[in-house]
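**Student:** Work out the full structure: start from the sequences and follow the hints.
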Amino acid sequence: SQTIHQWPATLVQPVGSPLSLECTVEGTSNPNLYWYRQAAGRGLQLLFYSVGIGQISSEVPQNLSASRPQDRQFILSSKKLLLSDSGFYLCAWSAGGTTQYFGPGTRLTVL
Amino acid sequence: SQQGEEDPQALSIQEGENATMNCSYKTSINNLQWYRQNSGRGLVHLILIRSNEREKHSGRLRVTLDTSKKSSSLLITASRAADTASYFCATDPSGGYQKVTFGTGTKLQVIP
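Just so you know, the protein sequences line up as chains L and G, in that order.
Under the numbering used here, residues 1 to 111 are what the first sequence spells out, in order.
Under the numbering used here, residues 1 to 112 are what the second sequence spells out, in order.
Derived DSS-like pairs (lysine-lysine); straight-line CA-CA distance at most 30 Å: (1) Lys56(G) <-> Lys99(G); (2) Lys80(L) <-> Lys99(G); (3) Lys26(G) <-> Lys99(G); (4) Lys56(G) <-> Lys107(G); (5) Lys69(G) <-> Lys99(G); (6) Lys99(G) <-> Lys79(L).
Hints were generated in silico from the structure; no laboratory data involved.
These numbers were taken from a predicted model, which means no experiment stands behind them.
**Tutor:** Right, here's the structure in full:
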């Protein structure tokens, strides 16, 4: 069966510090991968999606970036965090269809 | 921009009652999904209904889709305290690729 992992689970970072969140998927090959951000009590905002290694599409211009160095690894990064980057970050995968399967999320607080 | 918008934003019911949540969207879709999110957790897929379907059941869940009104509803029958969560609709626009758009969610509280 397929599983998706995210780490860390929680993170507290100062403004201006770098960020690296990692997501890995097991049990499937060539998944579509997604990064979402969810503000408190709000819906999901799609940040990036990837249909293959090295292929990243950005949905929202911002100081975040994403990379897919391996087939089942998706990384969300920032060189300098802003206060507005605080939120709940969710990674998801799909097998090319519509249904997405989500990881447990990372709670990021920027102080 | 958000494609789907859920209504109500919050709902509080007694255990055993039915819970109904609605989703409205703006453009033509291939399908519509409902997801559930427990507090502080990831989303879990509940059910998918295609644009040519009008009603679908899964256990205590009943989903309807009215493409003429661009709306869907999720009914949870005989609710349980464990159903307490936020529920999101997600639409897959016609002609789009992989850009499923999530609504803002309905926060359901089931009181034991």
